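2 protein chains.
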Amino acid sequence: MEHGGDIYTEGILKGRKLIDFSSNINPLGVPESFTANIGEGLAGLDVYPDIKYRESKQYICNYINKSWAINCKEEDLVLGNGAGENIDIAIRSLESITIVSPAFIEYEDRAQKNGSKIAYSMLNKDMEVDYKDLLEKVKATQGLIIANPNNPNGGLIDREKFKPILKHCQKYNKKVIIDEAFIEFTGNKDDSLIDLVNSYSCICIIRALTKFYGIPGIRLGYSICKDKDYNGRMRDKQIPWNVNSFAQLALKYVLEDEEYIRVTKKWLEEERPAFIKEIGSLKMVDRVYPSKANFILVRLNKISGEKLYQDLIKENILIRRCNNYNGLGDEYVRLAIKAREDNEILIEKLERYDILDI
Amino acid sequence: MEHGGDIYTEGILKGRKLIDFSSNINPLGVPESFTANIGEGLAGLDVYPDIKYRESKQYICNYINKSWAINCKEEDLVLGNGAGENIDIAIRSLESITIVSPAFIEYEDRAQKNGSKIAYSMLNKDMEVDYKDLLEKVKATQGLIIANPNNPNGGLIDREKFKPILKHCQKYNKKVIIDEAFIEFTGNKDDSLIDLVNSYSCICIIRALTKFYGIPGIRLGYSICKDKDYNGRMRDKQIPWNVNSFAQLALKYVLEDEEYIRVTKKWLEEERPAFIKEIGSLKMVDRVYPSKANFILVRLNKISGEKLYQDLIKENILIRRCNNYNGLGDEYVRLAIKAREDNEILIEKLERYDILDI
Numbered sequence: 000m001e002h003g004g005d006i007y008t009e010g011i012l013k014g015r016k017l018i019d020f021s022s023n024i025n026p027l028g029v030p031e032s033f034t035a036n037i038g039e040g041l042a043g044l045d046v047y048p049d050i051k052y053r054e055s056k057q058y059i060c061n062y063i064n065k066s067w068a069i070n071c072k073e074e075d076l077v078l079g080n081g082a083g084e085n086i087d088i089a090i091r092s093l094e095s096i097t098i099v100s101p102a103f104i105e106y107e108d109r110a111q112k113n114g115s116k117i118a119y120s121m122l123n124k125d126m127e128v129d130y131k132d133l134l135e136k137v138k139a140t141q142g143l144i145i146a147n148p149n150n151p152n153g154g155l156i157d158r159e160k161f162k163p164i165l166k167h168c169q170k171y172n173k174k175v176i177i178d179e180a181f182i183e184f185t186g187n188k189d190d191s192l193i194d195l196v197n198s199y200s201c202i203c204i205i206r207a208l209t210k211f212y213g214i215p216g217i218r219l220g221y222s223i224c225k226d227k228d229y230n231g232r233m234r235d236k237q238i239p240w241n242v243n244s245f246a247q248l249a250l251k252y253v254l255e256d257e258e259y260i261r262v263t264k265k266w267l268e269e270e271r272p273a274f275i276k277e278i279g280s281l282k283m284v285d286r287v288y289p290s291k292a293n294f295i296l297v298r299l300n301k302i303s304g305e306k307l308y309q310d311l312i313k314e315n316i317l318i319r320r321c322n323n324y325n326g327l328g329d330e331y332v333r334l335a336i337k338a339r340e341d342n343e344i345l346i347e348k349l350e351r352y353d354i355l356d357i
Numbered sequence: 000m001e002h003g004g005d006i007y008t009e010g011i012l013k014g015r016k017l018i019d020f021s022s023n024i025n026p027l028g029v030p031e032s033f034t035a036n037i038g039e040g041l042a043g044l045d046v047y048p049d050i051k052y053r054e055s056k057q058y059i060c061n062y063i064n065k066s067w068a069i070n071c072k073e074e075d076l077v078l079g080n081g082a083g084e085n086i087d088i089a090i091r092s093l094e095s096i097t098i099v100s101p102a103f104i105e106y107e108d109r110a111q112k113n114g115s116k117i118a119y120s121m122l123n124k125d126m127e128v129d130y131k132d133l134l135e136k137v138k139a140t141q142g143l144i145i146a147n148p149n150n151p152n153g154g155l156i157d158r159e160k161f162k163p164i165l166k167h168c169q170k171y172n173k174k175v176i177i178d179e180a181f182i183e184f185t186g187n188k189d190d191s192l193i194d195l196v197n198s199y200s201c202i203c204i205i206r207a208l209t210k211f212y213g214i215p216g217i218r219l220g221y222s223i224c225k226d227k228d229y230n231g232r233m234r235d236k237q238i239p240w241n242v243n244s245f246a247q248l249a250l251k252y253v254l255e256d257e258e259y260i261r262v263t264k265k266w267l268e269e270e271r272p273a274f275i276k277e278i279g280s281l282k283m284v285d286r287v288y289p290s291k292a293n294f295i296l297v298r299l300n301k302i303s304g305e306k307l308y309q310d311l312i313k314e315n316i317l318i319r320r321c322n323n324y325n326g327l328g329d330e331y332v333r334l335a336i337k338a339r340e341d342n343e344i345l346i347e348k349l350e351r352y353d354i355l356d357i
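Protein chains in written order, with numbering that gives the first Met the number 0: chain A, 0 to 357; chain B, 0 to 357.
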């Protein structure tokens, strides 16, 4: 099961430093607010974390309730060892599930390994959700998982068109798992569907610190849901002390790091439109799909994703092939939006294909 | 499900500092070899860990192969988010299991939550394994889980008496899960059964950094097993990137920290016999069971575990009641062996009961 972010196989383990466009991590790196408090983390390492993570959950509540009027309480939260754990236990708590695809490949993998029955609702040719099809598919399953914005294309859920699906799920006690691991990158809090958790206890929102706060090594995810029974079923699948002390430290400091958030927003407001425009204007690119996230899905022209991957790896650049996404083929690649200078290196490499008319 | 180590409910969350005899952590605290390299951990936090954890597994192989001639390879290892995850996936890979009890309560909890059928083989009145009974019980299940040394009493497996059970399990393709989370505390590498993994692919040894290296906040466990099929079934239950960067950093440095290991051994060689003797000589104590670990199981006289717990918590001392262990009642408590000055504080408190003849 190939993911992005493997800078090891072709990189570190061969003594090479790669520029990684295959994983979607904030290029600002580890927040200073975390690093500055590492001593506090070290001092607390010799005791078990609170098995109930009460203080940590309070930090999340404070963060959520500051931005959205949903009265998030400790009991609504389930903490995960990265959002991957939240996805795993959310899916394993259902016997059948509709997956909006193409999507993060873990959804399918976790469901398959759990033996859950899977229905797929495919995005249309513009990489938009087919809401009519999704409603039909979810009628035959115990719930659905969808990302907002979606990975690998970066598209958002249309809240009005999504309402009939929410109503159906609420009525028939089905679950709507919404993976918002990338939501902070959109720069607009109204893009989140988190405000609906009060009206729809069927909704389970999953988030993470990983991407936006540039700390994939820390492993911290969480889910917000007002359904006590579902939260209980998820918790039953968890081991005690599943969140490490440094992840708790990050929760305490980075969610409040206004400066980091401000600089990230500014970076993406500048780089996202520029990157989309420049990549989109390449002859080798057939299409760039609209993205509100920090990555773009690209359909290639004339060159295969595999060929481009192999070419670029020789130049120490790593991109994400998309041929293991359900519904995508070797004509697609996913590119993270990085800092200006890295983006320019990539674009310059790609421009050569146009010049040489390969 | 109550565990030891909850210094929060009656302690931190009420602004009180407790002396914690309820969790069995090395009182030497976080190894200096870890703290000194924290900068390396911070520097690597902005990239995903290697999804295969190749370098980390190599550090474990080096450590294992230095002490035991078993030729441990990367493929024999499964890394966990604490030994708790290793226990969880090892148990969930069996449909029925024999639990040698009383034991770490997670064994039972994980099996129950997974819906695995459970048989219990109870320790005898001296808290020793009943090997004849264990063989009978395991005949009706797909495997067994046992700890070496066992928690809560600290007793070791008798390797000769255990052999018929190993032979049975090897012959009938059953699994023998041996939790060696406390093995380094015995001070004698021959107490481990890890040298048998080559001859018995039925054996799955589980270990952790948590206790011996005084870093329960870090979350790092691992298992060693030569059965590829079983390892695969366990890995299928894991999420990607389940081990955080700081746990990887710990693996790199603490396993090689000879000074920490030496000082720990010296501390326990002095404190264990002294603690056992002093606690055992109290009138309020009916019996202390032989322990090779860093904790002791105590049967009380005249006073209940609950009463003693309540008395001591008023004096900011936390002990482990044992009434939620299968096979133990409220006449038992478990006490961690701590640094001399803490041990003396506890013993002094307990001596008052004798003086007052309560």
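Quick caveat, the hints were computed from the structure, so don't treat them as lab data. Be careful, since some hints might not be right.
Which copy is meant is left open, so a pair is good if it fits within one copy or across any two.
[To be verified] Below, in silico cross-link-like pairs of lysine-lysine (DSSO-like), each with a Cα-Cα straight-line distance of 30 Å or less:
#, residue 1, residue 2
1, K13, K291
2, K282, K138
3, K124, K282
4, K13, K227
5, K116, K51
6, K225, K160
7, K227, K112
8, K16, K251
9, K188, K276
10, K13, K225
11, K65, K116
12, K348, K166
13, K116, K227
14, K51, K306
15, K13, K188
16, K51, K236
17, K72, K16
18, K16, K51
19, K227, K348
20, K16, K225
21, K282, K116
22, K72, K13
23, K124, K313
24, K116, K236
25, K188, K112
26, K13, K65
27, K276, K124
28, K282, K160
29, K65, K348
From a predicted model like this one, the values you see are computed outputs, not experimental measurements.
- Check K225 against K160 for me: Cα-Cα at most 30 Å, and say if that holds within a copy, between copies, both or neither. within (22 Å within a copy, 53 Å between copies)
- Message: Checking an output row: K227 and K112, CA cutoff 30 Å. Within, between, both or neither?
- Response: Both: 25 Å inside a chain and 17 Å across chains, each within 30 Å.
- Are the CA atoms of K51 and K236 at most 30 Å apart within a copy, between copies, both, or neither? both (15 Å within a copy, 23 Å between copies)
- Since the copies are identical, ignore which copy is meant and state whether K276 and K124 lie within 30 Å (CA to CA) inside a copy, between copies, both or neither. within (20 Å within a copy, 76 Å between copies)
- Task: Have a look at K124 and K313 and pick one of within, between, both or neither, based on CA distance no larger than 30 Å.
- Result: neither (32 Å within a copy, 67 Å between copies)
- Query: What label fits K116 with K51 when the C-alpha limit is 30 Å: within, between, both, or neither?
  - Reply: Classified as between: cross-chain Cα gap 28 Å, same-chain 32 Å, threshold 30 Å.
- Query: From the Cα coordinates, with 30 Å as the cut-off, is the pair K348 and K166 best called within, between, both, or neither?
  - Reply: neither (48 Å within a copy, 62 Å between copies)
- Message: For K282 and K138, with the copy left unspecified, which applies at a CA distance of at most 30 Å: within, between, both, or neither?
- Response: Cα proximity of K282 and K138: none, with 43 Å in one copy and 68 Å across.
- Message: Regarding K13 and K225, is the shortest C-alpha distance of 30 Å or less found within a copy, between copies, in both, or in neither?
- Response: Between. Shortest inter-copy distance 28 Å satisfies the 30 Å Cα cut-off; intra-copy 48 Å does not.
- Message: Regarding K188 and K112, is the shortest C-alpha distance of 30 Å or less found within a copy, between copies, in both, or in neither?
- Response: neither (34 Å within a copy, 38 Å between copies)
- Query: Between K282 and K116, at a C-alpha cutoff of 30 Å, which is it: within one copy, between copies, both, or neither?
  - Reply: So K282 and K116 fail the 30 Å test inside a copy (42 Å) and across (62 Å) alike.
- Are the CA atoms of K51 and K306 at most 30 Å apart within a copy, between copies, both, or neither? Answer is between; shortest inter-copy Cα gap is 25 Å, intra-copy 49 Å.
Of the numbered hints given earlier, the model fails hints 1, 2, 11, 12, 15, 19, 20, 21, 23, 25, 28, 29; all others are met.
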